[in-house]
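> Each chain, written out:
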Amino acid sequence: MAQDVIPEEAARGSLIYDPKVRGIVFQVMLMALLALGLWWIVGNTIENLNRSNIATGFGFLKGRAGFDIADRLIEYDSDSSYARALLVGILNTLAVAISGIITATIIGFLVGIGRLSRNWLIRKLATVYVEIFRNIPPLLVILFWYQGVLALLPSVRDSLALPFGSYLNNRGFYFPQIIWGDQAWLVLAGLVIGAVLSWYVARRARARQMATGQQFPVFWTSVTLIIGLPVLAFVLTGFPATVEYPQKGTFNLTGGMNVKPEFLSLYLALSFYTASFIAEIVRAGIIGVPKGQTEAYSALGLSSRQGLRLVVIPQAMRIIIPPLTSQYLNLTKNSSLAVAIGYPDLYAIGGTILNQTGQAIEVVVIFMIVYLGISILTSLFMNWFNAKMALKER
Amino acid sequence: MQEHDMSWVRTEMLLAEAAPRSQVGIGAWLRKNLFATPTDSVLTILAVLFLGWSVPQILNWLFFDAIWVGADRTACLTTEQGGQLPEGWSGACWPFVSGRFGQFMFGRYPLEERWRVILTGIIFVALLAPLLIPRVPFKRLNAILFFVVFPFVAFFLLVGGWFGLPYVETPLWGGLMVTLVISYVGIVVSLPLGIVLALGRRSTMPVVKLLSVIFIETVRGVPLVTVLFMASFMLPLFVPPGMSFDKLLRALIGVALFASAYMAEVVRGGLQAIPKGQYEGADSLGLNYWQKMGFIVMPQALKLVIPGIVNTFIGMFKDTTLVLIISMFDLLGVVKQNISGDPTWATPQTAKTGYVFAAAIFWIFCFGMSRYSQYMERRLDTGHKR
Numbered sequence: 001m002a003q004d005v006i007p008e009e010a011a012r013g014s015l016i017y018d019p020k021v022r023g024i025v026f027q028v029m030l031m032a033l034l035a036l037g038l039w040w041i042v043g044n045t046i047e048n049l050n051r052s053n054i055a056t057g058f059g060f061l062k063g064r065a066g067f068d069i070a071d072r073l074i075e076y077d078s079d080s081s082y083a084r085a086l087l088v089g090i091l092n093t094l095a096v097a098i099s100g101i102i103t104a105t106i107i108g109f110l111v112g113i114g115r116l117s118r119n120w121l122i123r124k125l126a127t128v129y130v131e132i133f134r135n136i137p138p139l140l141v142i143l144f145w146y147q148g149v150l151a152l153l154p155s156v157r158d159s160l161a162l163p164f165g166s167y168l169n170n171r172g173f174y175f176p177q178i179i180w181g182d183q184a185w186l187v188l189a190g191l192v193i194g195a196v197l198s199w200y201v202a203r204r205a206r207a208r209q210m211a212t213g214q215q216f217p218v219f220w221t222s223v224t225l226i227i228g229l230p231v232l233a234f235v236l237t238g239f240p241a242t243v244e245y246p247q248k249g250t251f252n253l254t255g256g257m258n259v260k261p262e263f264l265s266l267y268l269a270l271s272f273y274t275a276s277f278i279a280e281i282v283r284a285g286i287i288g289v290p291k292g293q294t295e296a297y298s299a300l301g302l303s304s305r306q307g308l309r310l311v312v313i314p315q316a317m318r319i320i321i322p323p324l325t326s327q328y329l330n331l332t333k334n335s336s337l338a339v340a341i342g343y344p345d346l347y348a349i350g351g352t353i354l355n356q357t358g359q360a361i362e363v364v365v366i367f368m369i370v371y372l373g374i375s376i377l378t379s380l381f382m383n384w385f386n387a388k389m390a391l392k393e394r
Numbered sequence: 001m002q003e004h005d006m007s008w009v010r011t012e013m014l015l016a017e018a019a020p021r022s023q024v025g026i027g028a029w030l031r032k033n034l035f036a037t038p039t040d041s042v043l044t045i046l047a048v049l050f051l052g053w054s055v056p057q058i059l060n061w062l063f064f065d066a067i068w069v070g071a072d073r074t075a076c077l078t079t080e081q082g083g084q085l086p087e088g089w090s091g092a093c094w095p096f097v098s099g100r101f102g103q104f105m106f107g108r109y110p111l112e113e114r115w116r117v118i119l120t121g122i123i124f125v126a127l128l129a130p131l132l133i134p135r136v137p138f139k140r141l142n143a144i145l146f147f148v149v150f151p152f153v154a155f156f157l158l159v160g161g162w163f164g165l166p167y168v169e170t171p172l173w174g175g176l177m178v179t180l181v182i183s184y185v186g187i188v189v190s191l192p193l194g195i196v197l198a199l200g201r202r203s204t205m206p207v208v209k210l211l212s213v214i215f216i217e218t219v220r221g222v223p224l225v226t227v228l229f230m231a232s233f234m235l236p237l238f239v240p241p242g243m244s245f246d247k248l249l250r251a252l253i254g255v256a257l258f259a260s261a262y263m264a265e266v267v268r269g270g271l272q273a274i275p276k277g278q279y280e281g282a283d284s285l286g287l288n289y290w291q292k293m294g295f296i297v298m299p300q301a302l303k304l305v306i307p308g309i310v311n312t313f314i315g316m317f318k319d320t321t322l323v324l325i326i327s328m329f330d331l332l333g334v335v336k337q338n339i340s341g342d343p344t345w346a347t348p349q350t351a352k353t354g355y356v357f358a359a360a361i362f363w364i365f366c367f368g369m370s371r372y373s374q375y376m377e378r379r380l381d382t383g384h385k386r
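Line by line, the protein sequences give chains A and B.
Under the numbering used here, residues 1 to 394 are what the first sequence spells out, in order.
Under the numbering used here, residues 1 to 386 are what the second sequence spells out, in order.
Source of the hints: derived by calculation from the structure; they are not laboratory data.
Do not take every clue at face value.
Listed below are the simulated DSS-like cross-link pairs for lysine-lysine, each with C-alpha atoms no more than 27 Å apart in a straight line [to be verified]: (1) K276(B) x K20(A); (2) K209(B) x K303(B); (3) K291(A) x K32(B); (4) K260(A) x K248(A); (5) K209(B) x K276(B); (6) K124(A) x K32(B); (7) K20(A) x K209(B); (8) K124(A) x K291(A); (9) K388(A) x K291(A); (10) K303(B) x K276(B); (11) K303(B) x K139(B).
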């Protein structure tokens, strides 16, 4: 703005031409206009709500929901409260978002690296993948999977049998469930202890290398610890786990775990769609590391694997992380497309509640809080990760 | 004088030898690009196997096994399902698309009035094409026609009710036409609004800055579905009783506000990339704020962020599909409606066929836009990048 540059004396002529005064006047006018607009909107809203006899406030959350939710991660039935229903929705949103983010990251990195491959065929395949999925609306892909592919799968009676005793039919994907016995917590404990020990070993090894230059095989030690300890616990406690296979009945498959087609369509579509963007981000990140860095690590005598791990990837990550964060947030927000195929995420359940109670403002406020909350938490985590990876200038 | 000179100097160039066989030709290309290392060879073989498995299936489904003519669903049913096709047949059912093509393009717009939509489309293309081709002159006039005059012409033509044109209410609109209307309005509104918001975010006036930040971050933090939901359920609450909004208008407001928040961030990126000296130079010339922004900063900043702007447009074009969630019928909405709500064409293959068709249309638009932005990026690159 101009007031930074123009010296004080220049504005002495008239108060009208003083940038500071003009700024304040403008801001006051803006505030007044905004207040006027808000007053008008609030007045109208109150009048409209009174006319349709809708009580404001969040009291309705305690009311009985009265609708059923097929896909749920926690206990819920139609007698539960609206608040409980919303919680089911939030958890479903998170479930889709987290599984989608993991899959999209894996596919995205593979395809992104594939686009830089020396292999012509792989390069072209990766390019075709990116160009196709990037340019098709995600909602279309969701509907395609749901109505075009998964709905055509055979009925329960003719379920497709897949390896490991799992089945695929038009009611979803059924796979064996592991039922843990009494002492199974020891296995988990083994895993945790293994992870903590590996972290400690890595720390000590690094300190020792810094001090003496001697290296320690951290990777293989960690693998042994993290896999070995749980297995040891598993064997020592006498295999406290049984596998429950889905049983094929006439009308339904019982037992085992079941992933419903709604979840599957949403998860597949969002993962494939977001992966095409992540692939481009990864490619840009790797290209963004100057060639001199590669030459420099070769000159230092690092092998190409060491060079990739110690020189190229840390620098590429700096370029990759900020746009990757926004892709993760996009995926989370796109999970609200679930409503189109009836997967009960936060948005779908909120919509049902709105139709039942008419509490439009409260429901929208809840949407805002939850989605903004998820966005802020993800950004905070990624910012922390970014700061850890960022260039440390001394 | 020496009679015998033993030294010998070649006076003519040797003819170039042909490159060794290992360096040229198909064999060398294959070795270099497909079988350079054992891992490469394994990858190539896997890729070839994958292509050999998938491509024939896709081609068969799209073309060779597809049904091209038919009056209704019986054309695309197997004997088991009540048709004539052999057991286990699977292919596209294209008569569904050709039979419903009018709906896919115009929705339920009255048949005898569809020429108005086509005319609007022709004017749209006639104004857009010269705007996109850099060599065509009169860019300023063209831009004014396209961004200022055309909206009014299109409004009168599409809505009607004036000059003897019958009135066509918006619930009858649908198909690709609605998709294009929403994207066009979104683009025309979001660009100026985004610029204002970006300037607001970089303003030194705390109130202006705070308001801009709140608006941008709130809109960017929630899904478009929520914004559309607000526009369709809360806007009617905000206005005096009795006054009602058109449903399409509500969706337009939602999409435009949403896109302008994203546009603002793109433009802000451009503003930040302009060196401080440019701002100071403008100040020292005695330009006021709007002159400085309009003549010095914005032309440079906008040029820098053209790819970002086009990306936002592409994103918005894809996002117009979400209006089907507030039960409006854009291209995808009409296709979905015809798939799930129309028994004339209810076959197992209808859904796939319809969505593949819609995907192809969206793909052509988005891919075209992204290619054009890459072209402009190369053209406008005046050496800012190192």
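> Each of the hints needs a verdict: does it hold here or not?
Evaluation of the provided hints:
1. Pair hint K276(B) plus K20(A) holds up; C-alpha atoms about 21 Å apart against a cutoff of 27 Å.
2. A hinted pair counts as satisfied when its Cα atoms are at most 27 Å apart, and K209(B) with K303(B) qualifies at roughly 24 Å.
3. Our distance criterion of 27 Å between C-alpha atoms is met by K291(A) and K32(B), whose separation comes to about 21 Å.
4. The straight-line distance between the Cα atoms of K260(A) and K248(A) is roughly 16 Å, inside the 27 Å bound, and the hint therefore holds.
5. A hinted pair counts as satisfied when its Cα atoms are at most 27 Å apart, and K209(B) with K276(B) qualifies at roughly 19 Å.
6. Distance restraint check for K124(A) and K32(B): the Cα-Cα separation of roughly 15 Å lies within the 27 Å cut-off, and the hinted pair is therefore satisfied.
7. For the proposed pair K20(A) and K209(B), the alpha carbon gap of about 15 Å is at most 27 Å, so the pair holds.
8. A distance of roughly 23 Å separates the Cα atoms of K124(A) and K291(A); the hinted pair therefore holds under the 27 Å criterion.
9. Using a Cα cut-off of 27 Å, the hinted pair K388(A) and K291(A) holds, with the two alpha carbons roughly 24 Å apart.
10. Simply put, K303(B) and K276(B) have alpha-carbon atoms about 17 Å apart, close enough for the 27 Å limit, and the pair holds.
11. For the given pair, K303(B) sits about 16 Å from K139(B) by alpha-carbon distance, which is consistent with the 27 Å threshold.
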